[in-house]
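Note that the protein sequences, when read in sequence, are chains A and B. Just so it is clear: in the first sequence, position 364 is 373 by this note's numbering, and no numbers are missing. Just so it is clear: in the second sequence, position 101 is 104 by this note's numbering, and no numbers are missing.
Do not rely on the hints blindly, as some may be mistaken.
[Unchecked claim] Only part of the chain B face toward chain A is listed, based on derived beta-carbon distances under 7 Å:
1) Ile71
2) Tyr96
3) Arg101
4) Leu119
5) Phe178
6) Gly232
7) Gly233
8) Lys235
Worth flagging that the hints you see were computed from the coordinates, not collected in a lab. Even glycine gets a Cβ: it sits at the ideal position worked out from N, Cα and C.
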Amino acid sequence: MKKILIIIQREYITRVKRKSFIITTLLAPLGFFALISGSVLISTFSQGRTDVAVIDDSGLFKDVPLPDADDQTVYFHRITGKVDELSAELPKAEKEKRKYQAILYIPANFNINNPNNPVISYRYVERPGMMKKQFIGDRMNDAVAKLRMKMLNINEEVQQQMEKKFQLDYSSLDNQSEKKGYTEAAGIAGMVMGFAIYISLFFYGTMIMKGVMEEKTNRIVEVLTSSVKPFQLLMGKIIGVGAVGLTQFILWIVLMAVVNLVAGIIFGAAIHSHAPSMGSMQGGGLDADDMQLLMKNLSSLPFTQIALLFPLYFLGGFLLYGSLFAAVGAAMGEDGDQQSLMIPITVPIIISIFIAINVINNPDSSLGFWGSIIPFTSPVVMSALLPFRPVWWQIALSVLLLIGGFVLTTYIAARIYRVGILMYGKKITLKEMGKWIFART
Amino acid sequence: MQEAFLFLNIALTFAPMSLLSLQHIVKQYGNYRASDDVSFEIPKGKIFGLLGPNGAGKTTLIRMITRILYPDAGNILFNGEQLSDKHTENIGYMPEERGLYKKMKVGEHLIYLGRLKGLSQIQAKENVNNWLKKFEIETWFNKNIEELSKGMSQKVQFIATVLHNPDLLILDEPFSGLDPINSKLIEEEIRDMSRKGKTIIFSTHRMEQVEEICDEIVLVNKGKKILEGGVKELKQRFKENKFRIHFNGEIKNGLLNNLSVVEQSEGEVIVKYSEEHRGNELLKLFVEHGMEVSSFNELLPSINEIFIRQVEAN
């Protein structure tokens with residue numbers, strides 16, 4: 010045990026001291042910060058202000074409201090005048106002195122019953138971006154709808170009642186009433202956790218594999234195995250790299266929280282004002298109320314359960330796959346050209362993320378159940394499922410099988426590892442690796 | 004006082020003379036037998052040469068001694084005890100194919116390897132400093148391994164092997180990549196350790212070094228032991244009774260009639276003398292014929308010749 014600790018210490022310290030670790034750890038939250046601030050800055054400054062001259066020759070929209078954009082990017086100005094004259098005049102004016110950047114023209118013969126013939130036109134000198142196009146189109150659609158209701162003599166009260174959103178009340182038959190919007194919040198949390206494990210299995214698994222290959226290639230492994238058992242070396246490496254991963258995760262969470270706080274202080278108002286338009290742009294149709302509901306539901310996730318089980322699945326998955334990555338690293342040639350040996354490891358990880366995506370939409374499916382208890386897929390699938398509060402026996406069975414799974418894979422990997430690390434100058438096949446499991450050393 | 008000497012005497016009598024004893028070692032890889040019933044003893048405090056052509060099974064034997072591999076059959080005794088994991092801390096191993104972690108500093112690397120051999124952090128650091136000082140390379144402590152030349156790395160690897168002061172040192176081609184000055188330095192260290200009672204297994208292809216350094220050798224080929232013994236004893240055992248005589252003037256008539264001449268040139272002759280006769284008699288014969296002998300040597304085979312002869316015969 011003492012020697013495993015010494016190996017863990019070396020693996021951990023040499024890795025966290027590396028420039029690449031420090032850069033990756035710092036750059037990820039900074040990248041996140043750049044993403045937030047960049048998107049806010051771009052949407053705030055790059056869009057600029059557009060003043061739209063509204064010429065309503067039909068006179069139909071005289072009393073129909075046409076509100077400006079909340080984010081101060083689009084202003085509507087009702088004017089009277091000839092559209093052709095203004096159309097000719099606007100491009101000639103200097104950019105800074107131009108009063109309007111576009112004309113929203115409603116022709117005199119506009120027919121509310123056939124609004125596409127003749128059409129309402131938007132003529133611009135400055136091309137509108139996607140978000141502005143969406144906003145202006147939505148505003149005109151609202152205006153047409155309001156006009157139509159007005160012409161049908163539907164009063165405002167009825168109109169409001171018609172517009173009122175209807176909410177289905179979801180509840181499970183075990184009397185566990187579900188809060189409104191909880192599924193969406195659980196889905197987002199589940200996906201984040203599932204992806205976090207999925208990515209870390211690949212990232213840190215590859216790190217272990219490269220570490221093993223390095224020891225094999227530079228031939229230090231023979232000196233090491235004359236001092237420690239291959240199993241101790243394997244465990245020390247896996248746990249050491251796992252600790253590096255956990256450190257990086259914790260640092261990322263802390264740094265992201267700080268970045269989020271800083272970004273919130275700096276860009277808080279801008280983020281808030283852009284949230285509705287950003288939501289609608291992504292097709293989710295999330296308005297400010299929906300966002301608020303989502304945030305509220307995210308805070309009501311089963312945090313204690315997640316805090317206990319997520320690290321367990323992270324660790325379990327890591328030990329299970331880490332040992333297999335190490336075994337492949339030991340079997341690989343010195344030039345690392347036998348990537349095909351990785352297929353049996355990478356395929357189950359990729360399958361597990363597909364199951365996890367399915368689980369988010371279908372938490373009670375049998376695919377989700379089996380995916381959450383089979384040790385090769387459970388770290389990713391169960392992490393995605395945790396916010397949906399799976400039953401206790403499913404969790405217990407999954408944890409037990411995961412423990413059994415990593416004990417078995419570590420045993421198998423250690424047997425492959427002890428032969429592979431001393432094997433040089435030979436291309437190894439999967440069949441050969443299979444034989445090593447039963448070989449004597 | 005007398006009793007004390009008596010006990011010491013008894014203890015010395017029963018203490019094993021061999022540090023390492025290999026008994027009927029068998030190691031098989033599939034259909035290939037890498038060690039085939041190999042037995043030999045490695046005496047304490049001696050420099051022992053483990054020789055053999057490529058693929059003879061030397062590395063397999065070394066790996067079994069260092070517990071990297073385990074024999075399929077047979078026993079290995081270390082100081083009279085069954086070899087076990089606890090003994091690995093008393094063995095220093097420098098393999099032929101050796102490396103270091105490129106991303107570590109010399110000091111931390113050596114301390115790490117020392118700790119894996121059972122030293123405490125403090126002890127390891129102290130030993131590292133002592134060795135660096137001994138080799139006059141104290142400034143290397145904070146040097147990155149990747150900055151070292153091959154020869155410099157060899158020195159660091161040698162320190163890593165001896166850092167924990169083991170009783171048994173296994174050195175596989177320790178001089179490869181070293182310049183003559185550093186070779187000499189390491190050679191002196193090996194001799195010094197031997198003087199201090201350390202046992203050294205020395206594996207090399209360079210036979211002149213074997214002759215120079217080793218006290219005893221074992222020769223293995225195709226997994227089998229084909230020869231063992233002391234270097235001097237083996238040279239005597241394989242000698243062919245050849246003598247080189249240098250002389251002044253001409254060979255007297257009839258002197259070489261009853262002798263088997265191997266080679267003859269001006270002022271020198273090499274003859275093979277019958278085994279029942281001793282060199283003195285040959286010298287006497289030359290003197291009695293009135294020859295002025297300036298030098299007279301018995302030609303002993305080199306270890307290299309013995310090695311080639313034995314391997315080819317095998």
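Hint check:
The beta carbon of B/Ile71 is positioned within 7 Å of a beta carbon in chain A (closest approach about 5 Å), and the interface hint is therefore held. The beta carbon of B/Tyr96 comes within 4 Å of a beta carbon in chain A, closer than 7 Å, and the hint placing it at the interface holds. At its closest, the beta carbon of B/Arg101 sits 6 Å from a beta carbon of chain A; the interface hint therefore holds under the 7 Å criterion. Given the 7 Å rule on beta carbons, the hint for B/Leu119 holds: about 4 Å separates it from the nearest Cβ of chain A.
With a least beta-carbon distance of about 17 Å to chain A, the hint placing B/Phe178 at the interface is violated under the 7 Å criterion. The interface hint given for B/Gly232 is violated, since its Cβ lies 28 Å from the closest Cβ of chain A, which is over the 7 Å cut-off. Taking 7 Å as the C-beta contact cut-off toward chain A, the hint placing B/Gly233 at the interface is violated, the least distance being around 28 Å. Violation of the interface hint for B/Lys235 is found here, the shortest Cβ-Cβ separation to chain A being roughly 32 Å, above the 7 Å cut-off.
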